[in-house]
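**Q** Single-letter residue listing:
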Amino acid sequence: MIKSFFSDLYMLLSDPTYSVSVIGSILSCISLSWIGVIYSLRKSALVAEVIAHSAFPGIILGAFVGIYIGADEKWMSMLFILGAITTAYLSMKKLTFLQEKWHKSADSSLMISISAFLGIGVLLASIIQSVSPMVYKDVVIFLYGRTATMLYFHLIIYAVVMVILFIFILVFHRRIQIFEFDKTFASFLGIGRLLDTFILMMTLVVVILGLRSCGILLLSGMMATPAIASRFWVRKMSSMFILSSAFAAISALLGGYLSLYLGGEGIVLPTGPVITIVSASITFFSILVGIRGGVVLRMVRRMSFTIRCHEENILKALYKKNDKMAFREIMEFLQAGVILFFFVLLRVRKKVKILHGWSLELKEQGRVYAERIIRLHRLWEVYLYEVGFAKGRIHVFAEEIEHVLTDEMEEMLLKRLGNPTHCPHRQKIPEKKEACNESV
Amino acid sequence: MNLFNLFSPEEGVSFLLLLCFSISLSLIGTFLFLQKKSMMANAISHTVLFGIALLFIGIKIFSKTEHFTPLSLNMGLYIVVSVITTFLTIFLIECLKKYTHINNDASTAIVFSTLFSAGAILITLFTRSSHIGIDIIMGNLDLIHANDLITAAFVLLLCVTFIFVFMKDLTVFSFDRSVAHFSKRSMGLLQFGFLFLTSLTITSGFRFIGIAPVLGLIILPPVCASLYSKSIPDLITFSIYSNIAVGLVSMMITKFFYEKFGIGLSTSGMLVTLHFALFLALLVKKRGEARA
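Line by line, the protein sequences give chains C and A. Under the working numbering, think of the first position of the first sequence as 1, with each following residue one higher. Under the working numbering, think of the first position of the second sequence as 1001, with each following residue one higher.
Any given hint could be a false lead.
Unchecked claim - Cross-link-like lysine to any residue pairs, in silico, SDA-like; alpha carbons within 20 Å at most: (1) A:1098 x C:292; (2) A:1286 x A:1253; (3) A:1285 x C:132; (4) C:316 x C:340; (5) C:316 x C:294; (6) A:1036 x C:288; (7) C:353 x C:368; (8) C:101 x A:1034; (9) C:43 x A:1080; (10) C:101 x A:1226; (11) A:1260 x C:101; (12) C:101 x A:1286; (13) C:74 x C:132; (14) A:1260 x C:132; (15) A:1230 x C:103; (16) C:236 x C:320; (17) A:1037 x A:1187; (18) C:93 x A:1241; (19) C:94 x A:1287; (20) C:320 x C:288; (21) A:1097 x C:288; (22) C:351 x C:385; (23) C:43 x A:1261; (24) A:1098 x C:298.
To be verified - Rough simulated footprint, nothing fancy, chain A against chain C, three-plus residues with beta-carbon under 8 Å: (25) 43–56; (26) 351–360.
Keep in mind that the hints were calculated from the coordinates and are not lab data. Cβ atoms here follow ideal geometry from the backbone N, Cα and C, with glycine treated the same way.
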């Protein structure tokens, strides 16, 4: 099956008509993902939504100019792009103006830009529909995106834009970093203004060219998803750029493939939605199992902490009782279910002896460990008592903190408190054996 | 003023329908604006397609019809499905925000683009045409039946009742979450009711007057009003007045263009454009006042 997948993929890429559209969408998705990384750092992933919607009236204005001067097809699409960039630029300027000068919330300024320009677009569209229905059809094709109609001409444009963006990011990498993470420092260095304008212009060009491969309704998905997915694997900005472009390229390639073969005979699924679904699946997968804050990882971490706490509590209880304890007794003490107890038992198995009749007894190794926990507990109690907490309250705090304190903190506490021998409740603090040897 | 002299009966009906929706949308929109959740309407406008796709599949399985037209869709079914989809959207966005540390914008973008593309793919797979879904939610103000008015009036009545009964609670809820949590009434139920009403109004609005005017009417009148009024009742009154005025003017301009030049302008586009112009004019005026 994998072999047939690769042979199909090879067929797809060697077919002259399909290969152009697939390569075109790969190029535009990669550029979109780079822009997406920058905007995801700014926490405004919905900017593509604004640009895409505000491009609508601009495209129609371009069409009006085209009809007026009698432009041919190639010039018409250039006029579309020019008009779209103009209105999108106006809309973005208005957005920042409303946010900065009028202190409107980001949410309402976004919504004003989207709805106002969409409304103007609908109005203009109704005019052009009655003036020249043919041109209106071209506008619709431009808006909803047709990868199948891509030509080499478009490919070259995409490649040029991508290379410019790549060089820009490579050269100004450090400045972008400073600008995105610390606006004040950036303005102090005097690198804010020009950089911001250039990023905005690149964004406009990339998003509006991307209209052709994704369509107006899906751009924000294509821009947001690879960046977010990469965020769950890496932390550095440069790695985010690399990884998100890889994700974008994979989704464009797979999307192009699946749109042809998934629908069965005779149906070609719309490419934009399929690419977005692939990209969204990658994102959801990353959210689940990503190594930087993925959901599964966080759950595992939390579970392992719980299990460690239980383990330490068992050792403590065995130490204090100084006798063997039955499983049932321990389970009641921990208030844990059978499954959780099983995992705790797996973890604690080297520090205790499991006796016949389902009970546990402490080994030497476990004894040392339990002594350490009790020492940490009582040290913390001494510390809190000295700081000024009431004697009745300190036990509860120490019960929590004893699982978290590290060896280094233990050293510091011992030094600070002057090696106390008893806790505020007049119980003996077990001595630290290695530390004694060292001091001798 | 007698509307039915100014307009023909059909135009009068569509004006009344527009008025119903614009008032209910501004009522809802005022509180969405205060809660900074207006972009929800945009997200819903995308995800509704997913609900429609599921509805199509359901119809195909149960009634075995092969051909679909946008008009054959039952209004009640459409509303039920889209309200459910809205809740699904909000639930997914909130889940993403809660369990991963993704911010609001990004989780909104992921959820709506995923649901929208799933909807588009399903519709293409099952109906072999990608335009049907979009036709359904692209309502047209210039093609309205008198029967639609009943639904619109019902939605308006529901909105007005809900907002006026729970005015105080909604105000508290919009401005101060922590106070709302400590008040005696159940805020969960209030929030649910408000979300239900929001999705009902927005999605039925898509069907009747189209996406562009719904998105415009949910944000522009409250924002215009917020420039000049400081209390919620003022905000609501202002948006109702501006809605009536702008609705009337846009209908008249459209009619004028149609009769003089034979150009069929889109009333909804005109409406949003005029509202936007009003917003800009108020902005300029307020700036002048601030300077003087």
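**Q** Could you work out which earlier hints the structure fails to respect and list their numbers in ascending sequence?
**A** Hint check: 2, 3, 5, 6, 9, 11, 16, 18, 20, 22, 23 and 26 fail, others pass.
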